[in-house]
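Residue numbers (the numbering used here), protein chains in the order written: chain F, 1 to 276; chain U, 1001 to 1298; chain L, 2001 to 2315.
No lab work stands behind these hints, which were simulated from the structure alone. Where is the CB? At the ideal position from N, CA and C, for every residue including glycine. Treat the hints with care, as some may be off.
Here are some chain F residues the structure puts well away from chain U; computed CB gaps all over 10 Å [unchecked claim]:
| id | residue |
| --- | --- |
| 1 | Val15 |
| 2 | Ala52 |
| 3 | Gly89 |
| 4 | Asp93 |
| 5 | Asp145 |
| 6 | Phe176 |
| 7 | Ala185 |
| 8 | Arg205 |
Selected chain F positions facing chain L (in silico; Cβ < 8 Å) [claimed, not checked]:
| id | residue |
| --- | --- |
| 9 | Thr95 |
| 10 | His245 |
| 11 | Glu269 |
| 12 | Asp271 |
Each chain, written out:
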Amino acid sequence: MTTKPQGLGSLATIVESARQTWNLSRRDRLWWFVAAILVLVPALAFVLAGRAEDGLGGRGLFCLMAWWLHGTVIVPWLTLYLGVQAVHGRIEDRTFQYLFLRPVRKVALLAGNWIAVASMAGGTGVLGMGLLFGAVALRGDLWPDGIEWGLAGAFAVVAGAAAAAYAAVAVLFGAFFRRPLVWAAFFVVGVQMLAANLPVSAGLRRLTITDPLRRLLLDGIEPDRRLAQMLWPAERDFRPELIEHPLRDLLLLGGLCLVAAGMAYARTEYDSRERE
Amino acid sequence: MIHDWLKERSGRGAEVSGWRRSWPLAQAEFLTLFRSRWGVALFLLCLFPGLGRLVMLLIIFGVVNFGPVGLRARLQNRAEIPGLDPSRVDFYLEPVVSVMPGMVFFLLLTSLVVARTIARDRLANAMELYWTRGLSPLAYVACKWLGGWLVVASITVMVPLALWLTAGFLAEDWSLLATSAGGMARAAVGLVVVSAAWTGICLALSAICGSPNAAMVAWSMLLVGSSAVGVVLASALREPWLRSCLSLWEAGTVVVRAIAGVPQRGVSIPGACAMLAGCLIVTMLLARSRLRLEEALR
Amino acid sequence: MTSTAASSGLPDWILDCERISKWYGPISALTDVTLRVGREVVGLVGRSGAGKSTLMKLAVGLLRPSQGSIRVAGHPAGSRGARACSGLCPDTERLYDALSGVDFVAWMLRYHGLGHRECRERSAATLTELGLGEHMHRPIREYSKGMRQRVRLAQALAHRPRFALLDEPMTGLDPLARRELGERIRRLPEQGVGVLVSSHVLQELQGLVDRVVMLHQGRVLAEGTVAEIREQMPAAPHRVRIGAADPRRLAAELVHWPSVQGVRFGDSSVLELSVTGEPDFYIALTELGTRWPGGLREITPLDDDLASVFGYLLG
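Same shape as in the complex, but just chain F:
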């Protein structure tokens, strides 16, 4: 005869795991650095607004800074760092032993990590874009046709989607690799940079996060040819029909990463001598 298993249900475990990851991550010293960047970027935008070349305008300046600074540096790297710390950090310092002994599903623990990381990084991205937009919007002379509030919305969506997708990649790398951040660097700087130089119809682009984000932005902000080339130097033969379904592509990539991460997390013997 066996006793009835105790323990949290899967949904409650996800919530609890997310709460705990949130609580641990918010204590990281990195947030001071992130806060400094979040303040410095709008300050830089405000200064640049007075000196930027005439044709750029508030729209161009905001898009340029939001994409290059937040979209390609802050959101991806912050998300990858938080995700890897949440999953792999506990494996590396062996505190995962305390968690894996509890009567809950490991996949639920991982899902909680993903939610916490995506929400923290997404929130930071949205806040960063908002502050940047506010700083550029303060210069009324840069918006001859009125302030385009829709731009802020489009970039906020991109920040949220990017955080969710990068968080999925981060938990996969964290669960799978012994040096996940090296693989993250390979993915972000290697694979994505290589894909960005390929023709827009190249299939490899579907395996990246930046390409669906690019299409999401093209759809959201409808840039002219010059702005599009400033944001994506390889952007030459843009056609609206090539936008297709960027959110679906992100969902697919993120979902696949999460499923693979869940399988690796549930099955891998992290305490095995083979890993040492």
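Once you have looked at the hints, place chains U and L on chain F.
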């Protein structure tokens, strides 16, 4: 009662020079990459751009007949594509100073080897072991830097030199070596200086950050982020030279090309030097404050 | 023990390892180990690398056996049911340093399905019981090694497991705390808890465990109470210290006994004997003591403790 047995230790231990105490640490640091299969695989991956150039050299000199006829003809007609002329120094520099794939492989290599090194020791409380065994904090950092730089230099310095020597042996006479020797020597000096500075900055970040993962992210963000800032400002202000002053990678490559005597347009050499030196000094000063003995023993 | 368990309808053994082996590629960490733990304290001893930690990790499901089966309270090891009734005090150093001791234990308790309030109350009670009540609200990063060890123990015991695995639980504790913890561990079987405890300090285990399992190179070398194991080693002569008024005369008497293999003089009034055929020897010695002038002041077996037995077994 006071036991003053310390006074009884009249004999001094065998004299070991500072270098003999330090070298094993640098050597261990250098060999870290080669102790795992993944590390060796990464090192081999980093050799790929160099191997690509080697294949080009073999085609250019007619050793192998490989690839489409049109491409072979273009490669063998050296004057047609200046960047692919083996008699010019930039042919050998390009695999290591280009953003793609040079920066990518450099970032991978330094992230794995240099960025983790001091942060990992701090996490494992290993620093006090070194610092209480006759290695000063300065010597400790110097050893870590030397070991890391040897790994980086084995790609950034050795690959261009090996390619150049290969080209010299493949050429019809010694004129290729003779005409490009001065430029290559200067290029090698430039690569040594810049890779040493980059390794130093990466190592300093490792000392500043509290965990290996944080150090790897900080280094990646500095390298990629400074490039992004360079792109933004250069585009917004229509001043292309700003990229060489704001991007850590661009600054380094500009300095290398300047020392090698490769002509450059739209760059600021003093700005690039200032960027590189400024980053090195600031990160080293921050690292110094984090590497005091009390910090290690905390 | 087992009969009580059977009558209560619960499985006979809380931990039941049946012929388990664990391989890492060509390396065998454990080979054909069968081990059962009931409501008792079982000591796991062996040299470094003998397979103690591997066995513990297999028992809690952190590793999967390459062969054989493990059940904890009737559940397959690693299943939710097994995890619900197991508690592990691991040998890892790290905890969540930014949290306080009470928060850390409460966080872990949450996963057992307890409410926030109950988690905190139970966490505080367990830490207080382990002597950390005064400091439990301070961040763990400020804790000493011994205080960290109490937190690790608290998270293993706070959810009231039926089976506790304690890997080197005395590490970092001061002598007083070791004694208190030892008493607490000894009381666990009374509450229906089976305990598997490992330690390198064999003297610590001596008074703590009901029986021991000795591992060597991944195999079980011996199992049972210390006395049982010692009895099964006739080739290793027992060492006995005897104190008497005239030790030289006593030695001259004893040296003719067939069971006495050798005699060594200690200080002025003490003899050390090497003996085989232990029960007959003690009967004869007791008889000798009654007629010896001044009697025998001391008869102390010197090598029937755990450390000696372990030493004999490993040569």
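We went through each hint and held it up to the structure:
The Cβ of Val15/F lies farther than 10 Å from every Cβ of chain U, with a closest approach of about 26 Å, so its non-interface assignment holds. Ala52/F, annotated as away from the interface, has a beta carbon of chain U within 10 Å; the closest lies near 5 Å. Against the 10 Å criterion, Gly89/F falls within the reach of chain U, whose nearest CB is about 6 Å from its own CB. Residue placement check: Asp93/F does not keep its beta carbon more than 10 Å from all beta carbons of chain U (closest about 8 Å).
Every CB of chain U lies more than 10 Å from the CB of Asp145/F, the least distance being 20 Å, so the non-interface label holds. Consistency note on Phe176/F: stated as away from chain U, and its beta-carbon is indeed over 10 Å from all of that chain's, at 12 Å minimum. Listed as a non-interface residue, Ala185/F fails to keep its Cβ farther than 10 Å from every Cβ of chain U; the least gap is roughly 5 Å. Against chain U, the non-interface label of Arg205/F holds: every CB pair exceeds 10 Å, the least being about 15 Å.
Among the interface hints, the one on Thr95/F holds; its C-beta lies about 5 Å from the nearest C-beta in chain L, closer than the 8 Å criterion. Proximity of His245/F to chain L is violated relative to the hint, the smallest CB-CB distance being about 38 Å (cut-off 8 Å). Taking 8 Å as the C-beta contact cut-off toward chain L, the hint placing Glu269/F at the interface holds, the least distance being around 5 Å. Hint status for Asp271/F relative to chain L: holds, with the closest Cβ pair at about 5 Å, below 8 Å.
Comparing the model with each numbered hint stated earlier shows that hints 2, 3, 4, 7 and 10 do not hold.
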